[in-house]
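Chains A and B are the protein sequences, given in the same order.
Counted the way the UniProt record's numbering counts, the first sequence spans residues 1 to 678.
Counted the way the UniProt record's numbering counts, the second sequence spans residues 1 to 608.
Because the hints were derived from the structure by calculation, they are not lab data.
Given the structure is predicted, the values throughout are model-derived calculations rather than measurements.
Note that beta-carbon positions come from the ideal geometry of N, C-alpha and C, so glycine has one too.
One or more hints might be untrue.
[Claimed, not checked] Subject to a maximum C-alpha distance of 27 Å in a straight line, what follows is the list of computed BS3-like cross-link-like pairs (lysine-lysine):
| # | chain 1 | residue 1 | chain 2 | residue 2 |
| --- | --- | --- | --- | --- |
| 1 | B | K114 | A | K544 |
| 2 | B | K114 | A | K368 |
| 3 | B | K433 | A | K2 |
[Stated by the list, open to error] Not everything, but these chain B residues come out facing chain A in the computed CB check (under 8 Å):
| # | residue |
| --- | --- |
| 4 | F420 |
| 5 | S431 |
| 6 | G488 |
| 7 | L510 |
| 8 | Y519 |
| 9 | L523 |
| 10 | N527 |
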Amino acid sequence: MKLSCLGLSPQSSCYLLEYKNVKILLDCGMEISSILNYLPYSLKTNQFKNNNQQQQHNNDSKKEIPVIFKEINNNLYIDSNDIRYSTILGENLVDFETIDYILISNYQNIYSLPFITEYTKFKGRIYATEPTVQIGKLLLDELYQMNIKQSRLKNYNNNNNNNILQSSEILEKLYNHNMNNNNENFDEILKFSKWKELYNRLDIEKSFEKIISVRFSEIITVVQGFKMVPTSSGFTLGSCNWLIDNEHGDKIVYLSDSSLALSRYPLPMDIESLENPQLLIMTKLNYHPQLQPDEKLNELCSQIGLTCQQGGTSLIPVNSCGIVLDLFEHIAEYLTRLGLFQVPIYFISPVGKSVLAYADLYSEWLNKTKQERSQMPEPPFLHQDIIRRGQFQLIHQIHSNFQPTDGPSIQFVGHPSLRLGDVLQLLSKYSDQSKNSLFLIEPEFDNNRLLSPFQNPPLQCRIHYLPIDPRINFSDANLLISKLSPKNLIIPINYKNYIKNHINENSNILTTITPIQSMEIIKISIKQKFDRAHLDKSIAKYIKLNRIENKLNSIENINICEINGQLSLKDNQFIISSSNYNNNNNNQNNNNNIKLNYIFNNNFSIENLIESLELNGFKNLQISNNNNYLIIKIIHDNEEISIITIYNNENIKIETSKETIRNQLTNLILKFCIHNLS
Amino acid sequence: MFDCGMHMGYNDERRFPDFSYISKTKQFTKVIDCVIITHFHLDHCGALPYFTEMCGYDGPIYMTLPTKAICPILLEDYRKIMVERKGESNFFTPQMIKDCMKKVIPVGLHQTVKVDEELSIKAYYAGHVLGAAMFYAKVGDESVVYTGDYNMTPDRHLGSAWIDQIKPDLLITETTYATTIRDSKRGRERDFLKRVHECVEKGGKVLIPVFALGRVQELCILIDSYWEQMNLSVPIYFSAGLAEKANFYYKLFINWTNQKIKQTFVQRNMFDFKHIKPFQSHLVDAPGPMVLFATPGMLHAGASLEVFKKWAPSELNMVIIPGYCVVGTVGNKLLSNTSGPQMVEIDKKTTLEVKCKVHNLSFSAHADAKGIMQLIKMSSPKNVLLVHGEREKMGFLSQKIIKDFSIPCYYPANGTTVNFNTQKPIPIDISTKLLKRQLVEYSESQEQKLLKQSQNLISEGQETEEELFNFNQSKKLNSPVVSIPMQGIMIQRENHHLKLLDFDEASKELLLKEINLDYNLNLEIINNTVNNNNLSIEYLQKELQKQLPIGFMITRNSQDQTILSIKSIQIQLNTANNILKLQWSHKDDNLSKILIQCLKSLSIVDVK
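Based on the provided sequences and hints, a complete structural model is requested.
Set out below in structure tokens:
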């Protein structure tokens with residue numbers, strides 16, 4: 001079994017698992033934080049000095065070189081509104097045509113799918129849960145809309161970017177300049193890393209049509225004798241972990257974003273089904289493992305409350321699905337408790353309405369309280385109630401008609417990277433007043449990198465960095481590992497100092513931990529000893545069992561017999577049938593099935609053999625012992641000689657010049673042996 | 001236990017199943033591993049509270065989430081009619097319905113649920129009503145599919161039933177329309193709309209008795225869009241109470257409806273009707289035309305019966321019964337004579353003269369004969385059992401199934417038991433090592449076979465285009481591997497799976513020492529002219545190779561060119577001493593016997 005890591009970091013989670021000659025791609029995320037290398041288009045770019053030194057590499061022509069890099073606080077930024085996206089690494093490395101399956105854990109890890117399905121020769125099957133498909137499609141479409149809107153803005157640097165941005169030199173410069181990269185095979189990564197233009201709408205449409213929707217605990221049977229099962233991961237709507245399993249205890253668990261928080265909206269994580277795997281791949285743990293999401297949530301509420309009381313606007317850049325489904329109800333309730341029910345909450349997103357509508361449909365994927373509401377029958381989420389009360393408004397996009405109240409308001413808006421989407425407009429509108437607040441709550445973006453381009457003029461509003469990450473943290477992970485007690489554990493190298501070896505108390509299994517980094521391939525020997533097959537009627541009726549004695553346990557009966565038939569694959573099952581069965585057009589093939597012979601010692605000993613030889617007329621024997629070899633010389637009447645050499649009762653050699661005598665001697669030996677049980 | 005329904009035609013203890021067939025001592029929980037309810041119609045779930053709360057069954061109950069949500073409402077609705085209107089006393093209470101529903105475990109479509117160590121179940125979409133499912137149950141290698149009610153043609157609000165080709169040992173299918181082949185859905189819809197439109201145009205009132213959930217939503221969508229299209233203003237009503245709530249279920253469980261509704265629901269929810277308003281009881285006597293959907297569907301009690309009593313005497317009016325009516329109900333009596341005015345007995349005291357038009361439109365979403373055959377083909381069962389139908393029709397259908405699919409088909413009477421023999425291959429764990437060895441040996445022999453064929457062609461100088469073509473053809477024919485030889489030791493131990501091992505593995509497993517028996521046979525070469533003149537190692541190799549079965553290659557030993565080897569067998573020609581030396585190990589004894597036979601037929605050695 002082989003696992004290759006094709007993601008740049010856990011954010012762009014992507015692994016290639018090769019198991020039983022089947023290639024399975026686990027997730028295909030996108031390194032979305034790479035867009036932080038761009039300058040927000042809303043900033044007036046001439047405020048920054050050009051970094052001309054950095055352009056020496058690509059000035060092969062004397063034409064005017066696009067002003068592409070800007071330096072701020074020693075960080076290089078790309079000044080262009082035509083954003084390229086960092087996708088998974090595999091392209092030159094993996095032959096996508098040979099990949100059999102893609103398994104998606106949740107909609108955060110599906111952003112590279114159109115690149116694979118529409119731009120490679122991939123022709124396998126893709127599985128994801130129903131909400132992952134539905135919401136994922138909305139989110140990709142949202143990203144597409146934001147991206148196209150931005151790139152259509154009249155701007156400057158668009159012409160030659162394509163060539164420049166794909167050059168690995170530029171990437172290298174950015175990486176070297178901006179990141180303290182300690183990845184050992186960094187050069188390799190640069191070689192295979194490529195930023196790409198985003199896919200278009202048709203790509204998304206066609207790509208998502210290819211996904212097969214599944215539900216939790218739905219078993220996908222694979223011809224090669226194993227099954228793949230999605231189980232709830234408790235992280236978001238329809239998020240799952242994948243279980244790859246067969247009847248013989250090879251159990252592989254791919255654990256992606258998971259959450260153990262019980263008060264959240266998704267169906268709780270299914271831990272039981274994941275227990276005792278041979279291999280656990282554990283990725284996408286908490287981005288801020290030292291922080292308590294509940295504390296941050298409470299702080300978020302109280303700071304929003306304060307901002308409202310001061311008449312300010314709370315601007316909250318968010319992803320359009322995910323933690324927001326926890327927040328809307330919670331914040332509305334909090335405000336009502338404070339008597340601030342007149343403060344409007346805006347959710348500004350081109351897909352917001354659809355996300356909320358779908359969330360209400362997926363009661364089967366929600367926690368118990370929400371499921372029970374759907375049986376009343378009432379929508380599982382309270383969003384419609386809050387909308388009806390006039391406290392909550394869904395805004396498709398910001399346009400001239402959007403006139404939020406002058407008083408306090410709360411505005412959820414994308415994109416959380418502050419590089420795309422309506423958030424930039426709102427930020428320039430609200431950032432100049434100190435009564436307003438900007439809340440940075442999505443965990444995958446680094447605080448400093450998010451804000452550092454916004455220097456001139458500096459943001460006047462208050463900034464609260466309150467990342468709320470419901471994913472399991474390192475101590476949860478360690479507890480989970482000791483509960484699951486995997487034999488082997490693979491973790492991204494970033495986690496290696498935090499995840500510890502465990503000896504599970506119940507099973508006494510010591511977990512072997514192997515860190516993996518981008519581009520690395522790890523081989524793990526899962527010693528599968530058996531495959532499941534079936535004996536069919538044609539062979540079963542001829543089976544005669546032979547009872548033998550168990551040398552260790554005399555009470556137990558053991559029956560053995562020789563099976564000599566043919567094996568075929570039918571309906572995903574190995575069938576062993578009689579050789580004569582169904583072979584009318586296949587006679588040739590069976591000719592070379594010449595049976596092998598085997599001999600097991602039953603009660604063979606030298607004494608027995610000699611006695612038997614004498615009884616059968618071989619009177620003239622000369623026995624000599626030579627360095628553990630026992631040599632029996634048989635002198636026949638015609639003075640010819642046959643020799644039996646015996647070593648250690650296990651190796652016997654018969655040397656003679658007559659086939660008849662050889663046969664006779666062989667039969668004498670076989671009398672004391674177990675052989676030919678068919 | 002699949003379903004736990006009630007018979008709507010009876011008002012005595014016969015309405016509930018006779019559970020004493022299961023256990024005379026009422027040990028139901030012991031006997032039954034789980035109860036599975038396929039959908040919310042009372043003939044499938046009506047006896048559930050009775051079974052769990054009054055008979056004492058306490059095991060798990062499974063149903064889909066919509067069924068779990070809707071089922072208690074229908075049960076309560078029915079209970080009210082029975083207890084409050086008819087004065088029944090020995091009936092379950094509202095609390096019992098609640099307690100019963102608390103025990104229900106919801107299952108999602110395609111989710112495999114492990115009921116216990118042995119039994120697992122899986123639900124498939126059945127399309128009959130919202131949340132209707134077919135269930136696949138598996139114990140060990142034996143499996144059964146129970147369809148409940150299903151529909152193989154998608155309609156305006158639900159998709160069609162679908163199932164994997166799971167090859168169950170037994171398929172239990174409903175056969176409501178065992179011998180009907182219904183005409184096209186569109187035609188029936190047009191017919192329905194035409195009748196309704198004609199009636200209201202003449203100022204008549206149309207009563208459509210329905211169940212609150214199910215067909216009625218489809219009819220509502222149909223009539224609502226027709227009204228919109230034709231710009232009609234005649235009021236349409238939906239008998240209050242259940243109705244609004246029912247539509248809400250459809251909005252919430254839109255995932256269970258058909259693709260079209262699912263895709264458009266964010267923009268326009270099909271269940272937000274524009275023309276259909278809730279009905280108020282005073283409207284019964286209101287003048288002028290109207291269309292009314294009223295519950296229950298079989299006109300056996302409740303609002304639909306009350307309205308019917310008032311509207312039936314006028315020939316302007318019309319009753320359209322869009323479903324199936326159980327014997328004994330008013331609906332059934334009406335349908336038995338739709339030709340003209342008739343006297344109908346409502347209950348023991350009342351008889352009513354019915355002058356209004358009566359129509360039956362087969363809108364009830366059951367599979368017709370074609371659909372049933374389609375499902376059998378789809379799931380490929382080994383046996384079929386027909387239920388939920390009329391005896392003669394089932395008899396006819398079973399003949400057709402036996403003829404078309406050549407599988408046994410049964411339609412037992414109530415209270416009888418059918419036994420099925422299942423023939424299952426015996427599961428055996430085959431050693432991966434053995435499997436690999438056999439695969440490698442097979443592919444090697446295949447390669448050698450091809451090599452030999454090509455060598456033969458070349459060496460014999462008969463390389464013609466035709467032969468090359470044949471050779472390439474045979475190469476192609478060889479490519480898909482149908483089966484490979486398999487030889488190993490099967491071991492049966494108590495409390496273990498059967499195992500098939502390679503010889504050395506078996507020797508380890510059984511603590512039996514394997515004996516390596518080798519032979520060294522020095523054969524005297526026959527003294528004849530051929531041997532004296534021609535016998536050389538090349539000659540031997542060529543002649544033996546000709547006689548050996550295809551796939552065995554004789555090779556020259558690379559170190560000692562005087563030795564030929566094949567598998568463990570070595571042949572050494574010693575012409576000086578007139579000796580042919582054969583060495584082999586016992587495992588290749590069968591091959592060596594063939595070889596010796598070849599040597600004999602070549603008159604090289606004499607074997608006595």
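These are the hints, each one checked on the structure:
1. K114/B <-> K544/A: Cα-Cα ~36 Å, so violated.
2. K114/B <-> K368/A: 20 Å, holds
3. K433/B <-> K2/A: At roughly 19 Å apart (the allowed maximum being 27 Å), K2/A and K433/B satisfy the hint.
4. F420: 17 Å, violated
5. S431: 6 Å, holds
6. G488: Check passed: Cβ of G488/B comes within 6 Å of chain A, closer than 8 Å.
7. L510: Hint on L510/B: holds, closest Cβ of chain A at ~7 Å, below 8 Å.
8. Y519: 5 Å, holds
9. L523: 7 Å, holds
10. N527: 15 Å, violated
When each numbered hint is compared with the structure, violations occur for hints 1, 4, 10.
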